[in-house]
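For reference, the chains in residue letters:
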Amino acid sequence: MFGVFFVLPMLYLVVMSFWRLRLYRLEPAFIIKNYALTIADYGESILFTIALAFVVGSLTTLLAYGFAFALRFRSGRWGDAYLFITLVTLFGGYLVKIYAWKTILGNGGILNTGLMTLGLIDEPITWFLFSPVAVVITLIHFLLPFAVLPIYGALRNVDPRHLEAARDLGARPRRVFRDIVLPQTQAGLVAAFTLAFLYSAGDYVTPRLVGGPNIQMVGTFIESQFVQRLNMPQGAAMAITTMAACVLFLLLMVAALRATLRQR
Amino acid sequence: MIPVRERLAAGVWHVFVLGVILFLLTPLVLVVLFAFAANQIQAFPLEGLTLKWFAALADWSAFWVALENSAIITGSVGIFATAIGTAAALALSRMRVRRAGLLMTLLSLPVTIPPLVTGLALLASYAVLRLKLGVQTVIPSHLVFTQPFVILIVYARMASFDHSLLDAARDMGASRWYAFRTVTLPIAGPSIIGAALIAMAVSLDDFVITYFTIGGGNTLPTLIWSMLRKSLSPSVNAIGTLVLLFTIGSSVVALRISKYRG
Chain A
11 MFGVFFVLPM
21 LYLVVMSFWR
31 LRLYRLEPAF
41 IIKNYALTIA
51 DYGESILFTI
61 ALAFVVGSLT
71 TLLAYGFAFA
81 LRFRSGRWGD
91 AYLFITLVTL
101 FGGYLVKIYA
111 WKTILGNGGI
121 LNTGLMTLGL
131 IDEPITWFLF
141 SPVAVVITLI
151 HFLLPFAVLP
161 IYGALRNVDP
171 RHLEAARDLG
181 ARPRRVFRDI
191 VLPQTQAGLV
201 AAFTLAFLYS
211 AGDYVTPRLV
221 GGPNIQMVGT
231 FIESQFVQRL
241 NMPQGAAMAI
251 TTMAACVLFL
261 LLMVAALRAT
271 LRQR
Chain B
567 MIPVRERLAA
577 GVWHVFVLGV
587 ILFLLTPLVL
597 VVLFAFAANQ
607 IQAFPLEGLT
617 LKWFAALADW
627 SAFWVALENS
637 AIITGSVGIF
647 ATAIGTAAAL
657 ALSRMRVRRA
667 GLLMTLLSLP
677 VTIPPLVTGL
687 ALLASYAVLR
697 LKLGVQTVIP
707 SHLVFTQPFV
717 ILIVYARMAS
727 FDHSLLDAAR
737 DMGASRWYAF
747 RTVTLPIAGP
757 SIIGAALIAM
767 AVSLDDFVIT
777 YFTIGGGNTL
787 PTLIWSMLRK
797 SLSPSVNAIG
807 TLVLLFTIGS
817 SVVALRISKY
827 RG
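Note that the protein sequences, when read in sequence, are chains A and B.
Position in the first sequence (first residue = 1) + 10 = my numbering.
Position in the second sequence (first residue = 1) + 566 = my numbering.
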């Protein structure tokens, strides 16, 4: 199942990215033109996508970490109930969530009318919707529950007694966090960031619905190569280049994180 | 530390947690609220309650077709993903923990890879095999990314399962199937049902992979997509509410009975 419907299609995508298109028909070949064109025409867009995915990934992970930390150590008996709510919002309403943000952030949306009623602004803030800001907010909202899970899972293994012991021995809260909590939750942290980062980099629905015409996310270009221009090899090359760039970036990030954690 | 400062810190944490919960829930609450509101445009104040958006859906034939497709796909995915995923989880639970963990990471790849890439790879493969796109191609495509959820949930339960119980049953003459039915199933049953419900919720909600593998037809999410690209009719809220009702409802039940926490 896994092999036939996942590994083979992925391999085919890689192989096909070297093929050529002649008279709207695929022709097996070995050309790198698709990749050359990807880097020449879409290199900038890939960089922009990675930058935006980095912002979303970092903010989501940071928020998820604080939230999971609070649920684990600061919420007492309410922690389970809050976790339950988070898990429930995980499943359901991908499009509905994006659509909801479109109505919240618009000129006549709830956020703008609310701020105007409160007298904080005089006219609607137009850059809430159809902007990178809208894409970032919407993606964080969608990805936050996914990021909370692995971090909470890692935090559950941290023994509160160790924290107390460290505190009793005179460690300041910051030191306790850096020396005890952070190293033990590193895997969860990396998992959360990886998921949020990769998902944002590959999303094309959010930028299309709330990003406006000026947002250059590579996912929308890849989709249009497949669906509108029917140039599958080009789209495949773009998808693979983007994924490769993302994985490279992730490896660098993880290496940087390891290096910072090792320094004491 | 002085108590006042501690209490202040606790207060700050609490405000932060409530803020995040509010951030997570508000958009969903608004969708449900406006599905029942008479407003044509989604802004406060509410202009009274109505069921007319749901009535508009009921009169629309495309909605029923999409609902039927969604039901067929979600039902089939529920059955197949659960059967295959449970079998895989049982096999994994007999392996050494390290090896099982490694395999599970590998099997969970489809969840980490952006659905756009998976969807395109599947679309390209179906095209080269000249398979006719439709419900029949969506179902196996959904199995790819729903299976890992089943494996993860059932494996979590089976990790603490005592396999000598099964050996004991077999030693006393129980057939393989009888041992599974009377020993494994009662223990793992709730988790399996929970996993099935989660798989169905994920399948019902999927848009991207469905969009690439269904060809011309519609499921509820692709119908929502076509509505979003045209005008903003409040009927979108009504469909959204139905999808939320099912996905959130089933995940609430699933989490309760499987006691799965992350």
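Think of the hints as simulated: they come from the structure by calculation, not from any bench.
A couple of the hints might just be wrong.
What the hints assert, rightly or not - Quick partial rundown of chain A residues pointing at chain B, CB under 10 Å, derived from the structure:
| hint | residue |
| --- | --- |
| 1 | 28 |
| 2 | 77 |
| 3 | 116 |
| 4 | 143 |
| 5 | 146 |
| 6 | 186 |
| 7 | 187 |
| 8 | 190 |
| 9 | 192 |
| 10 | 194 |
| 11 | 209 |
| 12 | 213 |
To be verified - Some chain A residues close to chain B (C-beta under 7 Å, calculated; not the full set):
| hint | residue |
| --- | --- |
| 13 | 22 |
| 14 | 25 |
| 15 | 65 |
| 16 | 69 |
| 17 | 107 |
Using N, Cα and C, we set each Cβ at its ideal position, and we do this for glycine too.
Checked hints:
1. 28: violated, 13 Å
2. 77: This interface hint holds because 5 Å falls under the 10 Å limit.
3. 116: Status holds, d = 9 Å.
4. 143: This hint is violated: residue 143 of chain A lies away from chain B, its Cβ roughly 15 Å from the closest one there, beyond 10 Å.
5. 146: Cβ of residue 146 of chain A sits 13 Å from chain B, so the hint is violated.
6. 186: Residue 186 of chain A check fails; min Cβ-Cβ to chain B is 13 Å, beyond 10 Å.
7. 187: violated, 13 Å
8. 190: Violated. Min distance 18 Å.
9. 192: violated, 18 Å
10. 194: Hint violated; residue 194 of chain A Cβ to chain B Cβ min 16 Å, cut 10 Å.
11. 209: holds, 6 Å
12. 213: holds, 7 Å
13. 22: It holds, given that the least Cβ distance between residue 22 of chain A and chain B is near 5 Å, below 7 Å.
14. 25: violated, 10 Å
15. 65: Nearest chain B Cβ about 17 Å off; hint violated.
16. 69: violated, 12 Å
17. 107: holds, 6 Å
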